[in-house]
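Using the sequences and the hints given, assemble the complete structure.
2 protein chains.
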Amino acid sequence: MKKLFGNAIVGQSGGPTAAINATLSGVIRGALECDAIEKIYGAKNGIEGVLARTIIDLSDMTEEKLSLLETTPAAALGSCRKKLPKNFDGENRKIFEDIIAVFKEYNIRYFFYIGGNDSMDTVAKLSRFTKEIGYEMHVMGVPKTIDNDLAGTDHTPGYGSAAKYIATTMQEIIRDTAVYTVKAVTIVEIMGRDAGWLTAAAALPSLYSDVTPDLVYLPEVAFDYDKFYEDIEKAFEKHPNVVVAVSEGVRTADGIYVGEGTQSGATDAFGHKYLSGTGKALELAVKDKFGCKVRSIELNLPQRCASHLSSKTDLDESVAIGRSAVWYAASGETGKMMIFTRMEGEKYEVGIDSADISGIANAVRSVPRSYINERGNGVTKECLSYIAPLIIGEPTLVYEGGLPKHFVF
Amino acid sequence: MKKLFGNAIVGQSGGPTAAINATLSGVIRGALECDAIEKIYGAKNGIEGVLARTIIDLSDMTEEKLSLLETTPAAALGSCRKKLPKNFDGENRKIFEDIIAVFKEYNIRYFFYIGGNDSMDTVAKLSRFTKEIGYEMHVMGVPKTIDNDLAGTDHTPGYGSAAKYIATTMQEIIRDTAVYTVKAVTIVEIMGRDAGWLTAAAALPSLYSDVTPDLVYLPEVAFDYDKFYEDIEKAFEKHPNVVVAVSEGVRTADGIYVGEGTQSGATDAFGHKYLSGTGKALELAVKDKFGCKVRSIELNLPQRCASHLSSKTDLDESVAIGRSAVWYAASGETGKMMIFTRMEGEKYEVGIDSADISGIANAVRSVPRSYINERGNGVTKECLSYIAPLIIGEPTLVYEGGLPKHFVF
Numbered sequence: 001m002k003k004l005f006g007n008a009i010v011g012q013s014g015g016p017t018a019a020i021n022a023t024l025s026g027v028i029r030g031a032l033e034c035d036a037i038e039k040i041y042g043a044k045n046g047i048e049g050v051l052a053r054t055i056i057d058l059s060d061m062t063e064e065k066l067s068l069l070e071t072t073p074a075a076a077l078g079s080c081r082k083k084l085p086k087n088f089d090g091e092n093r094k095i096f097e098d099i100i101a102v103f104k105e106y107n108i109r110y111f112f113y114i115g116g117n118d119s120m121d122t123v124a125k126l127s128r129f130t131k132e133i134g135y136e137m138h139v140m141g142v143p144k145t146i147d148n149d150l151a152g153t154d155h156t157p158g159y160g161s162a163a164k165y166i167a168t169t170m171q172e173i174i175r176d177t178a179v180y181t182v183k184a185v186t187i188v189e190i191m192g193r194d195a196g197w198l199t200a201a202a203a204l205p206s207l208y209s210d211v212t213p214d215l216v217y218l219p220e221v222a223f224d225y226d227k228f229y230e231d232i233e234k235a236f237e238k239h240p241n242v243v244v245a246v247s248e249g250v251r252t253a254d255g256i257y258v259g260e261g262t263q264s265g266a267t268d269a270f271g272h273k274y275l276s277g278t279g280k281a282l283e284l285a286v287k288d289k290f291g292c293k294v295r296s297i298e299l300n301l302p303q304r305c306a307s308h309l310s311s312k313t314d315l316d317e318s319v320a321i322g323r324s325a326v327w328y329a330a331s332g333e334t335g336k337m338m339i340f341t342r343m344e345g346e347k348y349e350v351g352i353d354s355a356d357i358s359g360i361a362n363a364v365r366s367v368p369r370s371y372i373n374e375r376g377n378g379v380t381k382e383c384l385s386y387i388a389p390l391i392i393g394e395p396t397l398v399y400e401g402g403l404p405k406h407f408v409f
Numbered sequence: 410m411k412k413l414f415g416n417a418i419v420g421q422s423g424g425p426t427a428a429i430n431a432t433l434s435g436v437i438r439g440a441l442e443c444d445a446i447e448k449i450y451g452a453k454n455g456i457e458g459v460l461a462r463t464i465i466d467l468s469d470m471t472e473e474k475l476s477l478l479e480t481t482p483a484a485a486l487g488s489c490r491k492k493l494p495k496n497f498d499g500e501n502r503k504i505f506e507d508i509i510a511v512f513k514e515y516n517i518r519y520f521f522y523i524g525g526n527d528s529m530d531t532v533a534k535l536s537r538f539t540k541e542i543g544y545e546m547h548v549m550g551v552p553k554t555i556d557n558d559l560a561g562t563d564h565t566p567g568y569g570s571a572a573k574y575i576a577t578t579m580q581e582i583i584r585d586t587a588v589y590t591v592k593a594v595t596i597v598e599i600m601g602r603d604a605g606w607l608t609a610a611a612a613l614p615s616l617y618s619d620v621t622p623d624l625v626y627l628p629e630v631a632f633d634y635d636k637f638y639e640d641i642e643k644a645f646e647k648h649p650n651v652v653v654a655v656s657e658g659v660r661t662a663d664g665i666y667v668g669e670g671t672q673s674g675a676t677d678a679f680g681h682k683y684l685s686g687t688g689k690a691l692e693l694a695v696k697d698k699f700g701c702k703v704r705s706i707e708l709n710l711p712q713r714c715a716s717h718l719s720s721k722t723d724l725d726e727s728v729a730i731g732r733s734a735v736w737y738a739a740s741g742e743t744g745k746m747m748i749f750t751r752m753e754g755e756k757y758e759v760g761i762d763s764a765d766i767s768g769i770a771n772a773v774r775s776v777p778r779s780y781i782n783e784r785g786n787g788v789t790k791e792c793l794s795y796i797a798p799l800i801i802g803e804p805t806l807v808y809e810g811g812l813p814k815h816f817v818f
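Line by line, the protein sequences give chains W and L.
The numbering used here numbers the first residue of the first sequence as 1 and each following residue consecutively.
The numbering used here numbers the first residue of the second sequence as 410 and each following residue consecutively.
Some hints here could point you the wrong way.
[To be verified] Below 27 Å or equal to it, Euclidean Cα-Cα: the simulated BS3-like pairs (lysine-lysine) are: (1) L:689 to L:636; (2) W:82 to L:702; (3) W:293 to L:492; (4) L:696 to W:82; (5) W:280 to W:234.
These are calculated hints, taken from the structure and not from any lab test.
And the structure:
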């Protein structure tokens, strides 16, 4: 196969994670190693930076810089939430032509886009458009999302670190709430609009310790207030400090978000409902019903960018999948998303592969019903066995003055 | 001086911290070393456990157990919020007599109480009562509070770890919010009812990095909404992502808590107003005023029990002050609280001493006005120089399955 020579550009898109910079480092490492790629550029703020020509040369990234980048949270190149038009007709066509104009200007033949569902949609469209106009180019998506809800891959880079943060913090919260003998309910709200993977991770401490949240509610099962009250009553029989892990996205059987009552109407750029009141709504409900001490804790942004507590497995895999994206692109692939495949067997082992992006973009991979207990208030051992290997290991961090040092472009 | 031979008991009280177990370990270490002390007991749930005789023998604590205890969050012995009666008259006398009865039963001659303001009040009263009735006993207080607001000591055990967590998390939140180019305000609510020490720590990243919260509001300065809006407008001139660190305890000039609007009436066992709505109240205010994207983040419980991110300096000092409490008690002191004194000079060095508890209990040490900038929206270099050494160093944690391992009695 004829190799395509030229420059490469990489961008980051969607919500920050603790591992997206590790994937960026992987792409840069791959590009620096690849003889078909002359220069590796970075687009600031994803596809917006391509259009705005806020493009920086990454060819001078040293081992020291790359290593620090890998333990830096959020998106070092900046991110965006821009969604490209549905088709290339009429007015819509212009934005695609503008992007290609920049690619031509910089002789870009490789485009790597690190992101979640919405970003894979961008990859799919750009790949289709370049094919349509006959501009020879390899467009590759590299997954990233703490939500772990991308289809086609065993798990997503960024999930393991978020899961480790959630499980560790959960363990600490349970220790904290257990010090008093007064009856109290603590409700911990965890991210996850449609998929409960992050909330499921809250139960990981049960594998190794004496503590675990008493109740775990995922969006995959309809939330029922009466059952919830019964669950709490039952948990009080065991100890006075009941801890609940709940996904921000839980809905009642009629499809209404539990958190909707306290935060209504607002939507994000993609039309997703903006939620932030699930923990608070349940706090008020429990206070009303039981009259006991209740506290709600929203793990909020720290759960997605706590690189001080990232999973070494996650970071190592994130670097590897970014690097592999370059190899796959250099070998001629385009319009693909890189994926993890898990090997069969007792020992955890992953392979890296590519998959066709159609069918991945805009699909959501939920927690299977078999991973949730019958009553819908906890996760199964099988579920925890799936998550457990993803949080293993602690990367070596560089500290300065007691604070983790971050890489800045 | 005649040595007092007998047994010792230690209890933990007040809110959990990441370092209170290190102090417990220090007390146990000191007691095991001290030839005047035969047995070292632990009272579960503080003074409540003395009264309930939920007392465990700690004499078999090995080096391995003690070391793991030191990096375990919350209060391994359990805690309480019990406040003893104001005087020993009439009915009040009974509870003091009940406590002494238990002490006599266990031949307790040394009582170590690890806690904050309210716990030091217990130490003061018990010390007075034992003197009054002529029961020979040494009652010593060992400070603990993330709030750093105890009088008489340079700083408090537990503060350094909380400060490290807050500064690290702040740094990560700022990186996270900086990835988008859309105008947005992020408000981070930090603990501290009356003193702004914890919130001040949010500005530590400015010492070593390119990021720092744009605005920092402490309860020591009256909060002014108009000035706040002006501050935000000014911050927007620098960049689109404005980050605010605010203490839960900020009040307007008329003494009304900013958070009171969203959470009114409730008080804790000591009659302190229960606050939890400061960040939320400011979020709504900013949304109303600027119409931009606003998010509030409450650091909540994790800031006080995140032992996975504790300060080695804090833990080492916490062990040392607990151990010293035993030495001081064995040398005949009673009714005292152990304190840190900071040596003059460039290099950070602390001494440990004891101080009379009257004047310490129930007093609050605020952030001095000179540590806050003139406008009241930030802290000075002097303030950061005071905090900086307290967060230095990372303890070695034991991990199991990717999660920090905790000690359990």
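Hints versus structure:
As the CA atoms of residue 689 of chain L and residue 636 of chain L are separated by approximately 18 Å, the hinted pair is consistent with the 27 Å bound. About 16 Å separates the Cα atoms of residue 82 of chain W and residue 702 of chain L, which keeps this hinted pair within 27 Å; it holds. The suggested pairing of residue 293 of chain W with residue 492 of chain L holds, with an alpha-carbon distance near 19 Å, which does not exceed 27 Å. With a C-alpha separation of about 23 Å, the suggested pairing of residue 696 of chain L with residue 82 of chain W holds against the 27 Å cut-off.
For the hint pairing residue 280 of chain W with residue 234 of chain W, the CA-to-CA distance comes to about 22 Å; that is within 27 Å, so the pair holds.
When held up to the earlier numbered hints, the structure conflicts with none and fits them all.
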